[in-house]
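So the sequence lines, in the order shown, correspond to chains A and B.
Start counting the first sequence at 1; every next residue gets the next number (the numbering used here).
Start counting the second sequence at 1001; every next residue gets the next number (the numbering used here).
Hint data in this document are derived by calculation from the structure and do not stem from the laboratory.
The C-beta atom is built at its ideal place from N, Cα and C for all residues, glycine as well.
There could be a bad hint or two in this list.
To list a few chain A residues with every Cβ distance to chain B over 12 angstroms, as calculated [what the hints assert, rightly or not]: (1) Pro26; (2) Pro34; (3) Ala42; (4) Gly66; (5) Ala214; (6) Pro267; (7) Phe280; (8) Leu336; (9) Arg371; (10) Glu379; (11) Ala386; (12) Glu405; (13) Asp414; (14) Ala499; (15) Gly536.
The following label-pair restraints were derived from C-beta to C-beta distances [said to hold, decoys possible]: (16) Arg430/A <-> Gly1114/B: 24 to 30 angstroms; (17) Glu1076/B <-> Ala442/A: 37 to 43 angstroms; (18) Ser1048/B <-> Arg204/A: 32 to 38 angstroms; (19) Thr1103/B <-> Leu416/A: 43 to 49 angstroms.
Residues from chain B that face chain A, not an exhaustive set, calculated with beta carbons under 7 angstroms [to be verified]: (20) Arg1018; (21) Lys1021; (22) Val1022; (23) Ala1024; (24) Gly1038; (25) Leu1039; (26) Ser1064; (27) Gly1065; (28) Ala1066; (29) His1069; (30) Leu1112; (31) Pro1113; (32) Pro1116.
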Amino acid sequence: MSSDAKETPARPRERAEVFRTISGRPIERVYRGPGPVDSAGARPQDAQDPGTFPYTRGIHANGYRGKLWTMRQFAGFGTPEETNARYRHLLAAGGTGLSVAFDLPTLMGRDPDHELSLGEVGKCGVSVVSLADMETLFAGIPLGQVTTSMTINSPAAMVFAMYLVVAQRQGVPWTALSGTIQNDILKEFIAQKEYIYPPRPSMRLITDTFAFCAREVPRWNSISVSGYHIREAGATAAQELAFTLRDGIEYVQYGIDAGLDVDEFAPRMSFFFNAHSDFFEEIAKYRAARAIWAEVMRTRFGARSERSWKLRFHSQTAGVSLTAQQPYNNVVRTALQALSAVLGGTNSLHTNSLDEALALPTEEAATLALRTQQIIAHETGVAGLADPFGGSYFLEALTFDLTRETYAYFDRIDALGGMVAAIEEGFPQREVAESAYRFQRAVERKEQVIVGVNDFVATDDPAVRILYIDDAATDTQMTRLAEVKARRDPAEVARALHAMRRAAQGTDNLMPPILEAVRAYATLGEMCDALRDVWGEWEEQAII
Amino acid sequence: MSKIRVVIAKPGLDGHDRGAKVIARALRDAGMEVIYTGLRQTPEQIVSAALQEDADVIGLSILSGAHNHICPRVMELLRAHGLDDVLVVVGGIIPDVDIPKLTEMGVKGIFLPGTPMQQIVEFIQGNVRERENV
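Using the sequences and the hints, build the whole thing.
This is the structure in structure tokens:
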């Protein structure tokens, strides 16, 4: 051998100095065995089979062989009649669950006649003002036979109560109802910012729904702890994972502190993650999520039920990755993102429509998004086995790294006194804002290419037809609000709202008085105001 | 030369503030004085912030579809307060058909998803009023 050969060979020219995931994580040229070893000297990747603790490889031993994921398309716009028609279409097209998108006034607990509702009624989702609207929204849809997910947070208890009363009037017992309320206020403070009350009373509303569901609606998922919005706001994959699971820990702790047995409510907690564009990092994220949650539930909280250990999650493809430029490219992005969610073992999935950087989706675009899932399920073959990537050196290393980073964030948040305290201090908000800005600068410098936006730009974008939502819903909903107010018994409404205020001042579960107010046709704005009177409103320290 | 003063506001009920915050930082890094109002500001609050802060520019971030209601009100209030020379720009999701309406009422810049931050910085530098020397 010549002496030259002993020297490090010149590095072959590569396209970049460092290769990174979309979250900025540097990756190596190639990954080799035997793979990472944890602090106890074990190789976590050898630990187990799908369906066994800690469920890295999935919560079901047979993957999707028994049952495919639920294809659940988030939808809602305009009046309850219009959205009811879209639901019937999605169910007829083979959708297997409903998912309600509410408009901003509903999400913020404001009636359509409030000053801040100006121009917002029915725009980003369906407007639901009182029980009368909920009856219309689910007219002709048998609530005992579908599962319904409702994306509602601050007013979750009130909207859930409306759903329960509609079910009752359809003759469906609460024990037969299945579905989810998002009910995750912590990620609102961190990311999406649709909050009403300060963090601590907001947490009490949530533990009240935990207790109520455990007793009365046992098959209902009382929370969907969501990383989706945290990621959309700019978080990295590791931050999404860490903040979401730490939020989950906070809810469990508050439930226990409220006197509940962990195994009574933890099995009904579900999760919601983003399916972003970095293919392997996302799959690793879902695998790490399951393993961390199982470990946390068993060791940190001493849960004994396997059902408390198993993390079940919904996922949605990344809205933030969609581009207004060359919108057909979004079909491809969505398909790849959805594939990563399936390979990561998602339990239900929403695929975004190609026109969503421009508007709410047309029926045509929403159908294509559903077809994307059906093609993955029935044509690609990936649903025929559990955890197809288990044992991949790269994927196992990523799973290991994300797990380690998540525990490091847990330590920092624990040191701040928990997630509520960390939010009050602005910690997760700052971390997310920092990542969002870093990403945007990488895009500006073209270190991160976005096809059609900062590279491969076309001047002749094909126009797509968009769903234009006019202001007709405002008029309809104003008229209906007046009708409801004219028809109901004002004394009964006043009594029910007073009972809500009294319960809010004390410690009794809020669900029973909320149900009474719903039955009296109190409006959502009135019910939310009753609690505003007692708890006040949260105003965040704006951080830029 | 005194700094360009910008009020960045999130009107309406929407809380999606990623864009507003990123652009606020970009303008600050470009040497402007940025005042971020925070969330859920009424047109009255926004114009009053512009008045108090002696703003040269108002940047509205609107993703929810409420622009057809919010923008006319902001423009009307600006005129009523004699703030016609404040440069108003809007960023967010604005359907094509609404753009001419916003331009007609005096919104000078409309920035849709995917607009580079640098383009917004340069637009503001090129279109802002000359500051009078006091």
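Checked hints:
For Pro26/A, the condition that its CB be more than 12 angstroms from all CB atoms of chain B holds, with the nearest at approximately 24 angstroms. No beta-carbon of chain B comes within 12 angstroms of the beta-carbon of Pro34/A; the shortest separation is about 41 angstroms. At the 12 angstroms boundary, the C-beta of Ala42/A stays outside the reach of chain B, the nearest C-beta of that chain being 39 angstroms off. In this structure Gly66/A is separated from chain B by more than 12 angstroms, as the shortest Cβ-Cβ distance comes to about 38 angstroms.
Even its closest Cβ contact with chain B, about 30 angstroms, leaves Ala214/A beyond 12 angstroms, as expected for a residue assigned away from the interface. Here Pro267/A stays apart from chain B, with its beta-carbon at least about 31 angstroms from theirs, past the 12 angstroms limit. With a closest Cβ-Cβ approach of about 25 angstroms to chain B, Phe280/A is found to remain outside the 12 angstroms limit, as its non-interface label requires. Listed as outside the interface, Leu336/A is consistent with that label: its C-beta sits roughly 19 angstroms from the nearest C-beta of chain B, beyond the 12 angstroms cut-off.
For Arg371/A, the requirement that its beta carbon stay farther than 12 angstroms from each beta carbon of chain B is met, with the minimum near 25 angstroms. Chain B leaves Glu379/A outside its interface by the beta-carbon criterion, the shortest separation being 32 angstroms against a cut-off of 12 angstroms. The beta carbon of Ala386/A is kept farther than 12 angstroms from every beta carbon of chain B, the shortest such distance being approximately 36 angstroms. Every C-beta of chain B lies more than 12 angstroms from that of Glu405/A, the closest at about 22 angstroms, which supports listing it as non-interface.
With a closest Cβ-Cβ approach of about 27 angstroms to chain B, Asp414/A is found to remain outside the 12 angstroms limit, as its non-interface label requires. With a least CB separation of 28 angstroms from chain B, Ala499/A remains clear of the 12 angstroms interface cut-off, as annotated. The Cβ of Gly536/A lies farther than 12 angstroms from every Cβ of chain B, with a closest approach of about 15 angstroms, so its non-interface assignment holds. Range check, Arg430/A to Gly1114/B: Cβ separation about 26 angstroms, and the 24 to 30 angstroms hint holds.
For the pair Glu1076/B and Ala442/A, the supplied restraint of 37 to 43 angstroms holds, since their beta-carbon distance comes to about 40 angstroms. Our hint of 32 to 38 angstroms for Ser1048/B and Arg204/A holds, since their Cβ atoms are close to 35 angstroms apart. The supplied range of 43 to 49 angstroms is met by Thr1103/B and Leu416/A, whose beta-carbon atoms lie about 47 angstroms from each other. About 5 angstroms separates the beta-carbon of Arg1018/B from the nearest beta-carbon of chain A, less than 7 angstroms, and the hint is met.
For Lys1021/B, the interface hint holds, since its Cβ comes within 7 angstroms of a Cβ in chain A; the closest pair sits about 5 angstroms apart. Interface hint status for Val1022/B: upheld, as the beta-carbon distance to the closest one in chain A is roughly 5 angstroms, under 7 angstroms. Here the hint on Ala1024/B is kept, as its CB sits about 4 angstroms from the closest CB of chain A, short of 7 angstroms. The interface hint given for Gly1038/B is met, as the beta carbon of that residue sits about 4 angstroms from the closest beta carbon of chain A, less than 7 angstroms.
A least Cβ separation of about 6 angstroms between Leu1039/B and chain A falls short of the 7 angstroms threshold, and the interface hint therefore holds. Taking 7 angstroms as the C-beta cut-off, the interface hint given for Ser1064/B holds, the closest approach to chain A being about 5 angstroms. Checking Gly1065/B against chain A by beta carbon gives a least distance of about 4 angstroms; that is within 7 angstroms, so the hint holds. Here the hint on Ala1066/B is kept, as its CB sits about 4 angstroms from the closest CB of chain A, short of 7 angstroms.
A distance limit of 7 angstroms between C-beta atoms decides the matter here; for His1069/B the minimum to chain A is near 3 angstroms, and the interface restraint holds. With a cut of 7 angstroms, the hint placing Leu1112/B at the interface with chain A holds, because the nearest CB-to-CB distance is about 6 angstroms. Interface hint status for Pro1113/B: upheld, as the beta-carbon distance to the closest one in chain A is roughly 4 angstroms, under 7 angstroms. A hinted interface residue such as Pro1116/B counts as satisfied when its beta carbon comes closer than 7 angstroms to some beta carbon of chain A; here the least separation is about 6 angstroms, so the hint holds.
Checked against the numbered hints listed earlier, the structure breaks none of them; every hint is satisfied.
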